[in-house]
Amino acid sequence: MSTDHEHSPYYKVLAWLTFLTIAEIIWAMAGFSRGMLIGGLAIMAAIKVVLVALYYMHLKYEGKVLWGVILFPCLLVVIMICGFLPDAFHYW
Amino acid sequence: METSAPAIEKPGPLNFTWGKMAMWLFLGSDMMGFMGLITLYMVLRISAGDWQLPGDPCFGIPLTGFMTFILIMSSVTMVTALSRIQKGNVKGLLFWLGLTILGGATFLSLQVYEWSHLIHLGLSAKKSNYAATFFMLTGFHGLHVTIGVIYLSCVWIRAKQGAYSMASHSTVELVGLFWHFVDLVWIVLFTILYLIPDSVQ
Chain A
1 MSTDHEHSPY
11 YKVLAWLTFL
21 TIAEIIWAMA
31 GFSRGMLIGG
41 LAIMAAIKVV
51 LVALYYMHLK
61 YEGKVLWGVI
71 LFPCLLVVIM
81 ICGFLPDAFH
91 YW
Chain B
1 METSAPAIEK
11 PGPLNFTWGK
21 MAMWLFLGSD
31 MMGFMGLITL
41 YMVLRISAGD
51 WQLPGDPCFG
61 IPLTGFMTFI
71 LIMSSVTMVT
81 ALSRIQKGNV
91 KGLLFWLGLT
101 ILGGATFLSL
111 QVYEWSHLIH
121 LGLSAKKSNY
131 AATFFMLTGF
141 HGLHVTIGVI
151 YLSCVWIRAK
161 QGAYSMASHS
171 TVELVGLFWH
181 FVDLVWIVLF
191 TILYLIPDSV
201 Q
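Protein chains in written order, with the working numbering: chain A, 1 to 92; chain B, 1 to 201.
You may find that some hints are simply not true.
Okay, derived cross-link-like pairs now, DSSO-like style, lysine-lysine, Cα gap no bigger than 30 Å in a straight line [said to hold, decoys possible]:
id, chain 1, residue 1, chain 2, residue 2
1, A, Lys60, B, Lys87
2, B, Lys87, A, Lys12
3, B, Lys91, A, Lys64
4, A, Lys60, B, Lys91
5, A, Lys60, A, Lys12
6, A, Lys12, B, Lys91
7, A, Lys12, A, Lys64
In silico contact screen, one side only, chain A against chain B (beta carbon under 10 Å); selected entries [to be verified]:
id, residue
8, Ser8
9, Tyr11
10, Leu14
11, Leu17
12, Glu24
13, Ala28
14, Ile38
15, Leu41
16, Ala45
17, Val49
18, Val52
19, Tyr55
20, Val65
21, Gly83
22, Phe84
23, Ala88
Keep in mind the hints are simulated off the structure, nothing from the lab.
Just so you know, even glycine gets a beta-carbon here, dropped at the ideal spot from N, CA and C.
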């Protein structure tokens, strides 16, 4: 349960988010190959999403029931993406 | 205007308030909506021969990078506002919540500028999927930002009326969850819409 998160590293997370945003922009302009570009951007975006969810949305301090509520739609989204993307790559 | 004394909120048997559970359920369903649109975008883009048609303008990274920074900053001001009311500091809550509203309004203003600039350059949802998906995704997100700014403003007014205290501030936490979700979605949209250029298809 979230109560007072006085010791939450809000400003440290801000520094990381800013750093990753700048790194993403530089990465996008660096002229990497397709795999490197998309892979690198996906990893950096995923880290940013996890940082916001864990520290700003306080998921780090929540119990298992709430985690279950959040992970269930995430699972449905993964199933949906896995269902649709093969069709897209078929026409690639 | 009449204000009622803040009631002390007790967590439910599973150690969280039902309001928080409801907000997370809403965010889960909203995330599925967004991911449906993002999946549609990915399928169209991957399977398209020419994604960006001749005459379609490119999206600007410097402006949207700045917009991303503003949204990230507004997330920090939001958590700071929550931290202030958790200590019973209503003035601090009003100040940081006000900054969050300002950040959201600035983001919206820049999005209006970006849209009008792109439309002026000839970007039209009727012409290509490139334009249609851009307007659909950024428009749906912009709608969320607009609702977030209105929601934050309502909470600010209630805070001004003395509705929140150290013992009772779950509404501030709930609006914060919504606002961080809007930030989180933008992180994904910024990456897939702006940072992956057409040439890497």
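Self-check item: Which numbered hints fail
Solution: 3
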